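Trainee: Single-letter residue listing:
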Amino acid sequence: MGRMTPHEFLINVMGSTVLNIVPFPTAPVAPSGSLAKNFGYAIRLPKFGETVQGLMKKRGAKIPDLLLVNEKEKLLIIIECKSDFTFEIEERLSKQIEFYSSEEFKAIWKEMFPDLSNIEIWVFSSKDFGKKIAKFIGRKEKKKNPANIIVWGVEFRKAREEAHIQKFYGTHIDTKLNKQMESEGLTCSPPRTELLVDPTLAYGERVFRIGRRILSFLAISYLTEKDRIVTLQNFMDRYPDTIMTEKELKRCLRYLLKLIPEIGEYNSATGELVLAKRPSLDKIKAKLERIQEMTEAEIKVELTRISKKLGVKFKRPKVKQKTKISEWFPKKAVSESFGLPFRHQHVEILHRNDELGFDFESALFPNP
Amino acid sequence: MSLIENFKTYTLDLFLEDATRQVTKEKRRVYCDILISYPNIFDALPRIMDYYSDRKRSHWSVSISPCAEEDFFLVCFFSKEMETNENPVFFFWKVFKDDKYVTILSFSFQSYMEIRRSLDSLVRFTRGLWFAWVGSRFLENFDLFVTRVLGERANILASFQTAEEKGEVLPRKVRVFPLPPRKFVPLGDIRKWAKDRYLRDGEIYTFSNMRYRLISDGMDFTFSMTDRSRITFERGDFTLFVTLIRPLLVETRRKLDALRRNSYTTMRESTVLGKRIEIQTFDRIESLVFRKPQETKRWYDKIVGLFSSDIPEQKLINFTLLSGNPYFLVHIIDAENSSSIYLSATSEELQIVPAEPSTKEGTVAKIVDLLQAKVDPSISV
Chain A
9 MGRMTPHEFL INVMGSTVLN IVPFPTAPVA PSGSLAKNFG YAIRLPKFGE TVQGLMKKRG
69 AKIPDLLLVN EKEKLLIIIE CKSDFTFEIE ERLSKQIEFY SSEEFKAIWK EMFPDLSNIE
129 IWVFSSKDFG KKIAKFIGRK EKKKNPANII VWGVEFRKAR EEAHIQKFYG THIDTKLNKQ
189 MESEGLTCSP PRTELLVDPT LAYGERVFRI GRRILSFLAI SYLTEKDRIV TLQNFMDRYP
249 DTIMTEKELK RCLRYLLKLI PEIGEYNSAT GELVLAKRPS LDKIKAKLER IQEMTEAEIK
309 VELTRISKKL GVKFKRPKVK QKTKISEWFP KKAVSESFGL PFRHQHVEIL HRNDELGFDF
369 ESALFPNP
Chain B
184 MSLIENFKTY TLDLFLEDAT RQVTKEKRRV YCDILISYPN IFDALPRIMD YYSDRKRSHW
244 SVSISPCAEE DFFLVCFFSK EMETNENPVF FFWKVFKDDK YVTILSFSFQ SYMEIRRSLD
304 SLVRFTRGLW FAWVGSRFLE NFDLFVTRVL GERANILASF QTAEEKGEVL PRKVRVFPLP
364 PRKFVPLGDI RKWAKDRYLR DGEIYTFSNM RYRLISDGMD FTFSMTDRSR ITFERGDFTL
424 FVTLIRPLLV ETRRKLDALR RNSYTTMRES TVLGKRIEIQ TFDRIESLVF RKPQETKRWY
484 DKIVGLFSSD IPEQKLINFT LLSGNPYFLV HIIDAENSSS IYLSATSEEL QIVPAEPSTK
544 EGTVAKIVDL LQAKVDPSIS V
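Respectively, the protein sequence lines represent chains A and B.
Reminder that position 273 of the first sequence reads as 281 in the numbering used here, one-by-one numbering, no gaps.
Reminder that position 91 of the second sequence reads as 274 in the numbering used here, one-by-one numbering, no gaps.
Please keep in mind that the hints were generated in silico from the structure rather than gathered at the bench.
Just so we're clear, the structure is a prediction, and the values are computed from it rather than from any experiment.
Misleading hints may appear alongside valid ones.
As the list claims (entries may be wrong) - In silico DSSO-like pairs for lysine-lysine, Cα to Cα no more than 27 Å straight-line:
(1) B/K498 with A/K291
(2) A/K70 with B/K458
(3) A/K135 with A/K148
(4) B/K475 with A/K234
(5) A/K45 with B/K475
(6) A/K285 with B/K263
(7) B/K458 with A/K255
(8) B/K458 with A/K55
(9) A/K114 with A/K70
(10) A/K70 with A/K308
(11) A/K66 with B/K375
(12) A/K255 with A/K70
(13) A/K103 with B/K263
(14) A/K80 with A/K114
(15) A/K118 with B/K458
(16) A/K266 with B/K498
(17) A/K80 with A/K66
(18) B/K263 with A/K114
(19) A/K285 with A/K266
(20) A/K308 with A/K66
(21) A/K234 with A/K285
(22) A/K295 with B/K283
(23) B/K458 with A/K234
(24) B/K498 with A/K285
(25) A/K184 with A/K82
(26) A/K118 with A/K184
Stated by the list, open to error - Derived list of chain B stretches under chain A, where covered just means 3 residues or more per stretch with a C-beta under 8 Å from a C-beta of chain A:
(27) 248–259
(28) 390–397
(29) 442–453
(30) 470–479
(31) 509–517
As the list claims (entries may be wrong) - Here are a few chain B residues that sit away from chain A, every Cβ distance over 12 Å (derived from the structure):
(32) E200
(33) Y234
(34) K263
(35) F279
(36) F292
(37) S342
(38) T415
(39) D420
(40) L553
Glycine included, every Cβ here is placed at the ideal spot set by N, Cα and C.
For reference, chain A alone in the conformation it holds in the complex:
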C-alpha cells in the first residue's frame, strides 16, 4: 500500500507547519504553513557530505528529523519526532538530547549557521505520548540542565479536519511563539506533500521512496537514448528533500535496480541509471511495495538469492578445450619427457644460439 508510518506522518505534520503552500485559484482554505507565515520559521535541508556524516557518526550523532531556522530570533530548532515512547526510545532520546546540547554539536551548527546564536530542541509526538515525554524531560532536566527543550503534542480534530498542536513542556525563547503556544496552540492542515528521503527512514522505506521517485522519470517514449539516463544530480535536483550522501544514494539505487530490474539498468561506476524502454508498471509497483516492508537484512538476503539465481542462469556451459597441450605434443614425447616439454627435439628454436650469443641449451640444461 505504501503508506506513511506514524513517525513519517509526524515529520510531515511538522513539515506542513513550515511549508509555505500557496493555493490557487481561491483564497487560502487551510491553515498551512502557520509557523512559517506567522512566526518566520523556515525549513533547512542540509546536504551533508560523506565526510561530515562520518564525523558526526563517530561523535555519536545522527541527522535530526527536521531542522528549522528563525533568522529574526537567531534560533536553530532541532526537531525529533517520536511516534512511540518505550524504554528504548527513552534511552535514545536521552542520548539525542545529550548530543544536541553538547559543545561538539554546538561547534557543528555554529559553523553551519554562523548568524544564529541559540538552539532549541523540540520533541514532537502525539498528544498522549507528548504528556509522557514531558514528564520524562521534567525528570531529566532536574538532574542536568541541557539545551532548551520543548515538548509538543498533536491531536487530530476530525470534525474540523485539522491538526491541533499543543505545548506540554518548556518555554520557547521566541516569546511570540511561546505566547501562542501557552494560549491557543497551533493548527495546521493534514500533510499536503511528503517530505524527506533521509537516513532516519527505515531501510526498506528509503529504497521504496527512492524507487517511487525514480518512477517519475519513466516515460512511454524517449526521443533519444540520452533521455533514458538519470544521473544522481538529476535526482537530487528534482527532489531537493533527498538528504543523504551520494554513496548512500548510489547504494540504494544499486539495491533497487537489482531487486527491480524492470526499472532499468544501473551503472555503478558512474552512478547513472538507464531507464527501461517499455517498463511493466504494475510489476514495478508490486515489487516496490514488497521492498517497503523489508528490513535491510531482508533486502540483503534477497539480493544474495537473486545473485545466486543469476549465477546459475548465466553460467556458461562447459566447452571442451580445443587445444590441450597433451594432445598437441605427441603423447609419447610428453610421457617420455622429464617435466620440461620444450626439451623436445622438434622445438628447434630453443636449441639454437640467438643473435646475442646466448646459448639457451647450455643455460637451461648445463652439462654435468
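Please arrange chain B on chain A, whose structure you already have, making use of the hints.
Mentor: Below, chain B without anything else, positioned relative to chain A:
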C-alpha cells in the same frame, strides 16, 4: 514553382485570404489545432523531426521551413511509401512565443484522416509538444466565452456527443470526430439537461467535442471543437471565425498557468567541520485547490475510490500515503508525461501539489479530466 515552394512565400494574412477564398468557393473545411510547446523543445524541433523521420516506424519524413513572415512556418509530412515528394501533408504554423511557452496555431486544408494521423503521430513522439487543453467545462460554457468576445448579440447553438458510455469515459482515439449532424440547441439547454441528470441520478456527463453554430450580426459559421482545442471549421464566415481564435489562444495560455504549479527552493552554501555543504530550503509551493460544491455528494469517497488504485488506461500509478477520516494523500506518477504530483483531499477540499520543481501541464489536465468525469462535474480551471 512547385506548390510547396509557392506556400513558402505565404504570410499569415496571405494564408487567411487564401483560406477564406477556398472556404467560400470550394466549400472546404479548415482544420485548426492549438499546440503548446516549451521554448527549448520548439527550438529543437528540426532535430526532433529528423529523429522522427529516421525511425523505421514513422510513415513520414517531416520538415519545417520558414515562410515569408517571421514565426510563420510550413510543416510538411512526406510519405515514405511514395517514391517522389509529391502530395505531402502540410500544415501552416503561426507561432507565438513567450518566456514559458510557445503556442502554435496550426492550420490545414487537407483530408481529415491524413492530417490527424500525421500530426497526432508527431505530437505523440515529441515529449514537450501537446494539444492545448481546454476541458469539458469550457466546451459546455462556450457561449459565455463567445459573449465576452463578440458581445451580447452573438448567439451560439450547439449539438454534442458525449464521450461517456455506460459511465465509462471512452478512450480518446475511439471518440467520433467530426460529430454527426444533429439538432442545434442553446448551450443553456444542454447545461440544464446535464445538471438535471446529475442531481436526479448522480450521472456525470463530460464532453470531449462539441459542434457549434455561431450567429452574429447576420453572419454565421459552423465549427466543432474538442476538449484538446482541435477545431474543424465547417462552413460559413471564415473571417468571423478568425476573430475568435486570438481570445481562444489567450484562454488556453491562461489555463496553462493554472495547470503548471511550481515549488521554489533556494540553496546556500556553508561549511561543517571545515567541509563545504549545501543547505536548501523550500520557499514556496504552489497548489491547485478545489473546494467541494454543496451539490456534490460522496465527494471524499469518490476521490478515495478514484485514486486508491492505479489507472492503467491513463498511465497513472498511484501510491496511497494516507487514507482515512478525514484526509487522503496520494503520490500520483504519470508515466506518460514523466512527472508526479501529490493529491490530497479532505471532505471539504482537494489540493494538487507538485512533487518535483513543477507539475507537467498534461498530468494536471489529465487529473482534472478524471475529477470532472468521476467526482464533481463543476471542477475546472
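Trainee: If a hint holds in the structure, say so; if it doesn't, say that too.
Mentor: Verification of the hints:
Note on B/K498 and A/K291: the hinted pairing holds, with a Cα-Cα distance of about 14 Å set against a maximum of 27 Å. Note on A/K70 and B/K458: the hinted pairing holds, with a Cα-Cα distance of about 17 Å set against a maximum of 27 Å. Simply put, A/K135 and A/K148 have alpha-carbon atoms about 20 Å apart, close enough for the 27 Å limit, and the pair holds. Between B/K475 and A/K234, the direct Cα distance comes to roughly 44 Å. Violation of the 27 Å bound is thereby established for this hinted pair.
The straight-line distance between the Cα atoms of A/K45 and B/K475 is roughly 26 Å, inside the 27 Å bound, and the hint therefore holds. A hinted pair counts as satisfied when its Cα atoms are at most 27 Å apart, and A/K285 with B/K263 qualifies at roughly 25 Å. A hinted pair counts as satisfied when its Cα atoms are at most 27 Å apart, and B/K458 with A/K255 qualifies at roughly 16 Å. For the hint linking B/K458 to A/K55, the alpha-carbon distance of about 11 Å falls within 27 Å, and the restraint holds.
As the CA atoms of A/K114 and A/K70 are separated by approximately 14 Å, the hinted pair is consistent with the 27 Å bound. About 23 Å separates the Cα atoms of A/K70 and A/K308, which keeps this hinted pair within 27 Å; it holds. Distance check on the hinted pair: A/K66 and B/K375 sit about 71 Å apart at the alpha-carbon level, beyond 27 Å; violated. Annotation: proposed proximity of A/K255 to A/K70 holds, straight-line Cα distance about 17 Å (limit 27 Å).
A C-alpha spacing of about 72 Å is found between A/K103 and B/K263, which places the hinted pair above 27 Å, so the restraint is violated. Taking the CA atoms of A/K80 and A/K114, the gap is about 19 Å. The hint holds against a cut of 27 Å. Among the hinted pairs, A/K118 with B/K458 is consistent with the structure: their alpha-carbon atoms are about 13 Å apart, no more than 27 Å. For the given pair, A/K266 sits about 24 Å from B/K498 by alpha-carbon distance, which is consistent with the 27 Å threshold.
Proposed proximity of A/K80 and A/K66 is contradicted: the alpha carbons are some 33 Å apart, above 27 Å. As the CA atoms of B/K263 and A/K114 are separated by approximately 71 Å, the hinted pair breaks the 27 Å bound. Only pairs whose Cα atoms come within 27 Å are accepted, and A/K285 paired with A/K266 is accepted, the gap being roughly 17 Å. Simply put, A/K308 and A/K66 have alpha-carbon atoms about 25 Å apart, close enough for the 27 Å limit, and the pair holds.
A C-alpha spacing of about 12 Å is found between A/K234 and A/K285, which places the hinted pair at or below 27 Å, so the restraint holds. For the suggested pair A/K295 and B/K283, the alpha carbons sit about 38 Å apart, so the restraint of at most 27 Å is broken. Taking the CA atoms of B/K458 and A/K234, the gap is near 33 Å; set against the 27 Å cutoff, the hint is violated. Taken as a hint, the B/K498 and A/K285 pair is honoured in the structure, with Cα atoms around 15 Å apart against an allowance of 27 Å.
Of the pairs offered as hints, the one joining A/K184 and A/K82 holds, with about 14 Å between alpha carbons and a cut-off of 27 Å not exceeded. This hinted pair checks out: A/K118 and A/K184 have alpha carbons roughly 24 Å apart, not beyond 27 Å. Judged by the Cβ-Cβ criterion of 8 Å, the segment 248–259 of chain B is not covered by chain A as claimed, because only 0 of its residues qualify and three are needed. A stretch counts as covered by a chain when three or more of its residues have a beta carbon under 8 Å from one of that chain; for the segment 390–397 of chain B and chain A the count is 0, and the coverage is violated.
Restraint check on the segment 442–453 of chain B versus chain A: 4 residues with Cβ-Cβ distances below 8 Å, three needed, restraint holds. Note: the segment 470–479 of chain B has 4 residues with beta-carbon separation from chain A under 8 Å; the three-residue rule is met and the coverage holds. For the segment 509–517 of chain B, the assignment as covered by chain A holds, since 6 residues bring a beta-carbon within under 8 Å of that chain's beta-carbons and 3 suffice. No beta-carbon of chain A comes within 12 Å of the beta-carbon of B/E200; the shortest separation is about 37 Å.
Interface exclusion of B/Y234 from chain A breaks down, the closest Cβ pair being 6 Å apart, not more than 12 Å. Separation of B/K263 from chain A is adequate, the least Cβ-Cβ distance of about 19 Å exceeding the 12 Å criterion. Non-interface status of B/F279 relative to chain A is upheld: no Cβ of that chain comes within 12 Å, the nearest being about 23 Å off. Every C-beta of chain A lies more than 12 Å from that of B/F292, the closest at about 29 Å, which supports listing it as non-interface.
Under the 12 Å C-beta cut-off, the non-interface status given to B/S342 relative to chain A holds; the minimum distance is some 31 Å. The Cβ of B/T415 sits about 27 Å from the closest Cβ of chain A, beyond the 12 Å cut-off, so the non-interface label holds. Its beta-carbon lying about 35 Å from the closest one in chain A, B/D420 satisfies the requirement of being farther than 12 Å from that chain. Against chain A, the non-interface label of B/L553 holds: every CB pair exceeds 12 Å, the least being about 17 Å.
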